[in-house]
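Residues per chain, in single letters:
Protein chains: 2
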Amino acid sequence: MAKSILLELLEARNYKELKRLMGEYNPVDLAELLMELNDRDLAIVFRMIEKDKAAEVFSYMDDDQRQTLLDCFTSQEIKHILDSMYTDDAVDLLEDMPANVVNKLLDQVSKDTRADINRLLNYPEDSAGSIMTVEYVDLSPDMTVRQALQKIRTIGIHSETVYTCYVIVQRKLVGIITAQALMTNDEDVQVKDLMEENFIFIRTTDDREDAAKLFRRYGLIAIPVLDKEGFIVGIVTFDDAIGVLTEETTEDIHKMAAISSSEESYLKTSVFQHAKNRIPWLLILMFSATITGAIITKYENAFQVVPILVSFIPMLMDTGGNCGSQSSTLVIRGLAVDELHFSDFFSIVWKEFRVSLIVGIVLAAVNGVRIYLVYGGDVQLAMVVAASLIGTIVVAKMVGCMLPIFAKQLHLDPAIMASPLITTIVDTCSIMIYFRIATLVFRL
Amino acid sequence: MAKSILLELLEARNYKELKRLMGEYNPVDLAELLMELNDRDLAIVFRMIEKDKAAEVFSYMDDDQRQTLLDCFTSQEIKHILDSMYTDDAVDLLEDMPANVVNKLLDQVSKDTRADINRLLNYPEDSAGSIMTVEYVDLSPDMTVRQALQKIRTIGIHSETVYTCYVIVQRKLVGIITAQALMTNDEDVQVKDLMEENFIFIRTTDDREDAAKLFRRYGLIAIPVLDKEGFIVGIVTFDDAIGVLTEETTEDIHKMAAISSSEESYLKTSVFQHAKNRIPWLLILMFSATITGAIITKYENAFQVVPILVSFIPMLMDTGGNCGSQSSTLVIRGLAVDELHFSDFFSIVWKEFRVSLIVGIVLAAVNGVRIYLVYGGDVQLAMVVAASLIGTIVVAKMVGCMLPIFAKQLHLDPAIMASPLITTIVDTCSIMIYFRIATLVFRL
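If you're matching them up, the sequences are chains B and W in order.
Note that this note's numbering numbers the first sequence so that position 185 is 1380, with each residue one more than the last.
Note that this note's numbering numbers the second sequence so that position 196 is 1391, with each residue one more than the last.
Please keep in mind that the hints were generated in silico from the structure rather than gathered at the bench.
Treat the hints with care, as some may be off.
[Claimed, not checked] Partial selection, computed: residues in chain W whose CB lies under 7 Å from chain B: (1) Asn1317; (2) Val1357; (3) Tyr1361; (4) Ala1452; (5) Ser1455; (6) Tyr1461; (7) Arg1473; (8) Ile1474; (9) Pro1475; (10) Thr1487; (11) Asp1513; (12) Pro1615.
Heads up, the beta-carbon is just placed ideally off N, CA and C, and yes, glycines get one too.
Full structure from sequences and hints, please.
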């Protein structure tokens, strides 16, 4: 169903067909489609969605559309939506709203929901607590599989997942049991004989990215969240973890290109916000680059005598920057996916050193021959450029691979040690190497 | 359990305690621990793992260790491991082995497993078919919930997931039903009344990255895979999808730094392979950079008259490169996570144009003032550099945002239009703008 069909049915007031078609739609796709409607149509169409599905569709919409809908909802409708949403989605909705709106909305919901939401709203934004939900299945160790299945039958419909169940004694988590285990074992066996006592868990205060990485590592559907006292307070599910991993990777990629990250999507971010996200690093890098300029000034008389020297500056600077960013990118990504660690420092440096020698020699040879041929057999010039290339590439790769590891060790984000910063640092080195060699060879 | 404890227990021949400790370990962690052992210890310890867990631990190990183990296994052991592994893991194991070893191994397994493995081995490496598995629960529409649960009880233990079940009529997939629906509905209801008929599916020939993106979009646990005729041939599970998303993102990030991707991890890739992955793009970019050099040569007399001009080249080149790569990175990542599309072309260009004007004016103003102060009130010089900065930044951001979108439209990977290539292109433009303005202002 494209937007046009939807609008046609709406125009023709063919609500029956409209409802039927929307029933066939996946909530994610439906949310995307509704977001293309204008405010008036949105409210009309949204009210036609089946009640149980509506809260899910609502949770997939953007803040703007949700605000529009909330503005024209009755308090009864708001209560229904908030009560039907999983707590993590409700928290996600309320987090971006002004405090007075949040209070007004919370007035509408049931007492239990309000308490849950309030508790979750208190966790720091990047913590595991902020992405968890409280709708899980709790079992007790003495239950039989039959009793456990019976409990799931009763409360499972309101749980975000029934596929991992939590065995709890006096609010303490003593084990977890999968629905697969419950469904494939004898009904008279007790839960305590099937449950896994060595389970993976996270703390409310853990970084949400670290929590998300556990899903990637262990392939889990849900992970329990414990508070400081070891009591279970919620669970995080894999779909939220995939979202976090994607967001954190985007943030890393942006940081690697010297951009401060935005919460909003590209198109929703204003021009001024975009500019604000980009200018600070550009200013820092611009001033760092003037150091390279100052070094060049020192060698003014060198390129006044041999002006051709200037024409190799871009090639040297670019190649150095590219070599350095290759190394830093490999290390930054390796650290991000936990493939590389500080303990690998020497293996990495030794590997990069050998790689840089090979790369340097190949590039220097190709370029040396090219210069020799193009500039009428000028051996001296060919040698100067070739030697500078090798020196630049070795330095670039050493700087590129070391800085991200140092950053990580100093608890800085390794992603800032990427292309832009490495390029600026390497520029200075390459210009120094180049003019030092040139003044030596040409006795300037 | 650290490696040292394990080795101590092994030394002391305290096999009972060793077995007990290993029983407590998660298969993923156990695999990582075993990979640190030498070949002889590895074989001894591996044989002590509980049989059901062994295949899972095996599937998490690296190719080298698996090869070591296979070399010292009896055919009985090989048969057990291969039969216990999910087909997708078995295929993953065999894919990287020479054909004669594969045939030898396949001789050991049961006929059914062999047929499954052979079929999966035939799918292209980047296809959805290559990451699917064949162990799923199939139901028929006329079953009651009770019968369905009974079937899961019987075959569920061998399925990679029981949480999504597939309703099949004559090999055609007619609907899917979640375990949650089965567990929370009346036992006498028929499957056909609960199943979802509008389900998400993928084709064997779909790109595995596109398949993985569906998991991110819809938050699914498993997606069915259909062949050309619409018959169901397997399923892909979310844990494999997370793996694919991570791998593909790594590949993109490497490509954005002008590195050809390696299958192996950083440390396992040889120095020569590393060099081979990096040299081609460096050579291309190095030669492109000589164009910028050639342009500089044209303005030789300009910087012989005003030598200070040369010292601003690094700052202009770096800033242009950084600005361009900011834009290209935002667009490349936006395209990768399906947040931006070709239809957004004009909104993106218009947004980047306005951003580039703000960024350009701010940077030019700051730099203009700096030059005015540092170079004793040289207004002409300050004007030349400031104007060149604005021109460079506008061009850089335009080039940076457009090229990735064009690449996508031409079915090229947008990731190649990243920092290194953009920098090289922008360099040429910035040098041309700079010297054109300089020669005009200084009448050179």
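Evaluated hints:
| no. | hint | result |
| --- | --- | --- |
| 1 | Asn1317 | violated, 26 Å |
| 2 | Val1357 | holds, 5 Å |
| 3 | Tyr1361 | violated, 16 Å |
| 4 | Ala1452 | holds, 4 Å |
| 5 | Ser1455 | violated, 10 Å |
| 6 | Tyr1461 | holds, 5 Å |
| 7 | Arg1473 | holds, 5 Å |
| 8 | Ile1474 | holds, 6 Å |
| 9 | Pro1475 | violated, 10 Å |
| 10 | Thr1487 | holds, 4 Å |
| 11 | Asp1513 | holds, 4 Å |
| 12 | Pro1615 | holds, 5 Å |
Comparing the model with each numbered hint stated earlier shows that hints 1, 3, 5 and 9 do not hold.
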